[in-house]
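So in the numbering used here, spot 224 of the sequence shown is number 224, and the numbers just go up one at a time.
Heads up, a few of these hints could be off.
Using C-beta positions, here's what the derived DEER-type ranges look like [claimed, not checked]:
hint, residue 1, residue 2, range
1, G186, P125, 22 to 28 Å
2, E58, F11, 21 to 27 Å
3, E181, N3, 41 to 47 Å
4, H82, D157, 15 to 21 Å
If you are wondering where the hints come from, they were derived from the structure by calculation, not from laboratory data. The C-beta atom is built at its ideal place from N, Cα and C for all residues, glycine as well.
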Amino acid sequence: MSNSAVIHRTFSVLEAVSSSGSVSAKAVADRLEIPLPTVYRLLHELEDSSYLVYLKDEKSFELGPKCFELGLSFQQRLVAPHPIRQITDELHRSLGTAAYFAIYRGSDILLTYSSDCERHPRLRPLRFGFNEAAHATAFGKILLSAMPETQRTEYLDARGMPVLTPHTIVRRDLLDTHLDEVATRGIAWEHDEFLPRQTCAAVPVHNGTGMQVGAIAISTPSTKATGRAKAFDTALREHAGLCSRYLRGGSR
Numbered sequence: 001m002s003n004s005a006v007i008h009r010t011f012s013v014l015e016a017v018s019s020s021g022s023v024s025a026k027a028v029a030d031r032l033e034i035p036l037p038t039v040y041r042l043l044h045e046l047e048d049s050s051y052l053v054y055l056k057d058e059k060s061f062e063l064g065p066k067c068f069e070l071g072l073s074f075q076q077r078l079v080a081p082h083p084i085r086q087i088t089d090e091l092h093r094s095l096g097t098a099a100y101f102a103i104y105r106g107s108d109i110l111l112t113y114s115s116d117c118e119r120h121p122r123l124r125p126l127r128f129g130f131n132e133a134a135h136a137t138a139f140g141k142i143l144l145s146a147m148p149e150t151q152r153t154e155y156l157d158a159r160g161m162p163v164l165t166p167h168t169i170v171r172r173d174l175l176d177t178h179l180d181e182v183a184t185r186g187i188a189w190e191h192d193e194f195l196p197r198q199t200c201a202a203v204p205v206h207n208g209t210g211m212q213v214g215a216i217a218i219s220t221p222s223t224k225a226t227g228r229a230k231a232f233d234t235a236l237r238e239h240a241g242l243c244s245r246y247l248r249g250g251s252r
């Protein structure tokens with residue numbers, strides 16, 4: 001077996017444990033369709049490296065301290081700067097909606113901050129590091145709309161365009177037409193495409209060279225969005241401008 005195949009198997013085992021919380025070697029072998037002796041070997045190698053721990057009483061494996069160290073390092077490197085978080089919080093309070101900030105990260109689109117409260121909760125699938133369903137989220141559409149066609153094709157081919165609701169755009173030609181409109185108008189709307197009965201909107205954020213590097217967004221139940229399109233548009237552009245100003249000069 002090639003080195004790349006071994007690495008792929010190792011990470012598949014690690015991901016299987018992560019998705020289960022605590023899992024036996026047999027369950028991992030059954031899920032991945034890998035021979036049990038191979039799974040045992042990979043699990044124990046990961047345990048020896050502190051990426052996993054073995055719970056003797058439960059006869060199962062779960063994530064070890066090295067994984068938490070990596071996760072903490074990832075979050076510390078990517079979490080939005082304090083002024084960006086403040087601006088996103090202000091957007092949340094001013095509109096009475098959940099608010100979000102997302103960035104480009106290599107070839108990915110990552111959510112790096114969300115601001116919500118008990119009265120105006122975030123959409124539960126959206127968490128720090130969320131990088132899925134760009135074709136169906138407002139902040140994802142903003143960032144997709146700025147990609148060159150080749151890059152957009154590579155991105156969507158790699159991740160697909162799964163159907164999330166009856167309103168999700170899953171035809172590439174329709175999505176391209178929609179993204180052209182997003183780029184022209186400078187705002188992305190998403191009505192019931194990511195989650196039923198939810199409306200989202202996002203606008204771009206630019207760095208000092210004028211390059212689009214992120215997006216600021218809001219979400220609210222669709223019943224509460226009626227008649228508020230202009231207010232959402234105005235507030236989003238105002239707060240995106242504050243974010244861009246900070247990224248250009250390091251201050252608000």
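These are the hints, each one checked on the structure:
no. : hint                       : verdict
1   : G186 with P125: 22 to 28 Å : 26 Å, holds
2   : E58 with F11: 21 to 27 Å   : 23 Å, holds
3   : E181 with N3: 41 to 47 Å   : 46 Å, holds
4   : H82 with D157: 15 to 21 Å  : 37 Å, violated
Checked against the numbered hints given earlier, the structure breaks only hint 4 and satisfies all the rest.
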